[in-house]
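The lines below spell out each chain.
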Amino acid sequence: MNYQDSKKLPAVMENIREAMRFATSFAATMKLPPDRIMSLEMSVEEALVNIVKYAYPAAAGYFEVSCRLSPENKIIVEISDEGIPFDVLAKADPDVTLGVEERKVGGLGIYLMKKLMDEVSYRRENGRNILTLTIMRK
Amino acid sequence: MDVKNVGDVKIINILPRVDAYNAKELEDGLNDLLTGGAKKLICNFEKNEYISSAGLRVFLAVLKSMKNSGGEIVLCSLQQSVQNIFDISGFSRLFKIFNTADEALGNFK
Numbered sequence: 001m002n003y004q005d006s007k008k009l010p011a012v013m014e015n016i017r018e019a020m021r022f023a024t025s026f027a028a029t030m031k032l033p034p035d036r037i038m039s040l041e042m043s044v045e046e047a048l049v050n051i052v053k054y055a056y057p058a059a060a061g062y063f064e065v066s067c068r069l070s071p072e073n074k075i076i077v078e079i080s081d082e083g084i085p086f087d088v089l090a091k092a093d094p095d096v097t098l099g100v101e102e103r104k105v106g107g108l109g110i111y112l113m114k115k116l117m118d119e120v121s122y123r124r125e126n127g128r129n130i131l132t133l134t135i136m137r138k
Numbered sequence: 001m002d003v004k005n006v007g008d009v010k011i012i013n014i015l016p017r018v019d020a021y022n023a024k025e026l027e028d029g030l031n032d033l034l035t036g037g038a039k040k041l042i043c044n045f046e047k048n049e050y051i052s053s054a055g056l057r058v059f060l061a062v063l064k065s066m067k068n069s070g071g072e073i074v075l076c077s078l079q080q081s082v083q084n085i086f087d088i089s090g091f092s093r094l095f096k097i098f099n100t101a102d103e104a105l106g107n108f109k
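These protein sequence lines are chains A and B, in that order. In this text, residue positions in the first sequence follow my numbering: the first is 1, and each later residue adds one. In this text, residue positions in the second sequence follow my numbering: the first is 1, and each later residue adds one.
Warning: the hint list may mix true and false statements.
[To be verified] The list that follows gives simulated cross-link-like pairs (lysine to aspartate or glutamate, EDC-like), each with its CA atoms no further than 20 Å apart:
#1 K104/A x D87/B
#2 K8/A x E78/A
#3 K40/B x E27/B
#4 K53/A x E25/B
#5 K74/A x D5/A
#6 K8/A x E41/A
#7 K138/A x D35/A
#8 K4/B x E72/B
#9 K39/B x E101/A
#10 K114/A x E78/A
#11 K114/A x D87/B
#12 K104/A x E72/B
#13 K96/B x E101/A
#14 K115/A x D95/A
#15 K115/A x D87/B
#16 K24/B x E18/A
#17 K53/A x E27/B
#18 K115/A x E49/B
#19 K64/B x E101/A
#20 K10/B x E27/B
#21 K104/A x D93/A
#22 K115/A x E78/A
#23 K96/B x E102/A
#24 K64/B x E102/A
#25 K47/B x D87/B
#26 K104/A x E27/B
#27 K47/B x D35/A
#28 K67/B x E101/A
#29 K24/B x E14/A
#30 K64/B x D32/B
#31 K7/A x E64/A
#32 K64/B x D95/A
#33 K96/B x E46/B
#34 K114/A x D87/A
#35 K67/B x E102/A
#36 K47/B x E41/A
#37 K7/A x E125/A
#38 K31/A x D5/A
Treat the hints as calculated values from the structure; they're not laboratory data.
Next comes chain B alone, as it looks inside the complex (with noise of 0.2 Å):
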């Protein structure tokens, strides 16, 4: 998976395409930043063109966790495509979502 650190906030680059095939991978990297100790997120979705529902529940199931343990995950950079699969789905209101990466930053500042 594709990470960058800043400060204590970790980026995910999330792939061109988030599928039933390749979900669990994105899983297992979210959940090992998570055991990892992390609390910040951005899932930067700028090179995302396809995300299916099975990347939508992992998404889902990573907010949930977060919530309980106290971190928080917000979603940037997403393409209209991808924004009306979030808007369809109730995903919208669930995340916050930002327009670039620099503003999802400024949320953790």
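Bound conformation, chain A alone (with noise of 0.2 Å):
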């Protein structure tokens, strides 16, 4: 496998795996540890999921997965799509501290990216949103 690379699939929920799929395996060839490919996996499933259900209200699209190893040593992997602008990254964090009646059902994937990862950013470019994710390779 190159230093990058990409996949681009139908946005499609039977399409998620087969996508975290492949960002797993470029992490796991760039010997990031077990417990950072499962925190990367997470946060690509999330992305994915938004774009699934979200980016395109009115027709069919794509999600984009690109790998690449940066020279810093970071694994950057970036999510597009050329769906409805959408900034996942604007909504509120859930309150984790709450209980079980306070606690609203849902919210919480966008929430884990940001913990999990070491860096998460959002840009609209050339009609695509794009998620960026970055995992130390340490």
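Using the hints, build the complex out of the two chains.
Here's what the structure looks like:
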């Protein structure tokens, strides 16, 4: 595998596992420790699920997962779509200290992503939503 | 769904992987048990290596529903990586979590 690779698939739930495996295989080839691979896998899943659910309300579309190793020894995974503008990071974090009654069901995925990754950023570029996940290869 | 009955307690063996793709099956399976009148559930995570937010939300929904109906759901045998996800989510404080299925059964005696 090259130090850079990408995969584009139709944005449907049936394809999320394949896209996740693509990212985790890249990370494994780059010798990311297993617990960090799991963190990456969860973060990629959350990003893909958001695209499947919200990016293309009117028509079918694609998601693309691009992986590379940076000179700073970081694994960088970009997840992009051509759907409606949507910054998943803009959403407020859930209050994880609440009790059962007050706690809302859902809204946890992006919070987990922010906690598990070393860096997460969003940009809108050329009609695409691009979410960048960064994890140190240590 | 893999369910074992011990008296009136149902022990559910959670799959190695619970993600957005199969969380609905888990939700349906657990809801079937609740509809069938189950009041005491133990979810055994011994084989579970991966649970994403899609899976977590299922457990929170069942916990809420059982609190309202006078039942109880407890968890056991979480692997370290899974425990970590429960900790970050604040779920470790919402659920009773036991080290083994036997200890979890003790909760219902």
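Agreement of K64/B and D32/B with the hint, judged by alpha carbon distance not exceeding 20 Å
Given pair K64/B, D32/B holds - Cα atoms ~16 Å apart, limit 20 Å.
Does the structure keep K96/B and E101/A at a Cα separation of 20 Å or less?
holds, 15 Å
Hey, K115/A versus E49/B, does the alpha-carbon distance stay inside 20 Å?
Holds, at roughly 19 Å.
Tell me if the straight-line CA distance from K104/A to E72/B falls inside 20 Å.
holds, 19 Å
Hint check: K114/A vs D87/A, CA-CA at most 20 Å. Holds or violated?
holds, 13 Å
Does the alpha-carbon distance linking K4/B and E72/B stay inside the 20 Å limit?
holds, 16 Å
Given the hint that K115/A pairs with D95/A, does the C-alpha gap stay at or below 20 Å?
Measuring from Cα to Cα gives roughly 13 Å; hence the hint holds.
Agreement of K64/B and D95/A with the hint, judged by alpha carbon distance not exceeding 20 Å
holds, 17 Å
Taking 20 Å as the top limit, are the C-alpha atoms of K47/B and D35/A close enough?
Holds, at roughly 16 Å.
Tell me if the straight-line CA distance from K24/B to E14/A falls inside 20 Å.
holds, 13 Å
What's the verdict on K53/A and E27/B, does the C-alpha distance respect the 20 Å limit or exceed it?
holds, 18 Å
For the pair supplied as a hint, K67/B and E101/A, confirm whether the alpha-carbon distance does not exceed 20 Å.
holds, 9 Å
Hint check: no violations occur; every hint is consistent with the structure.
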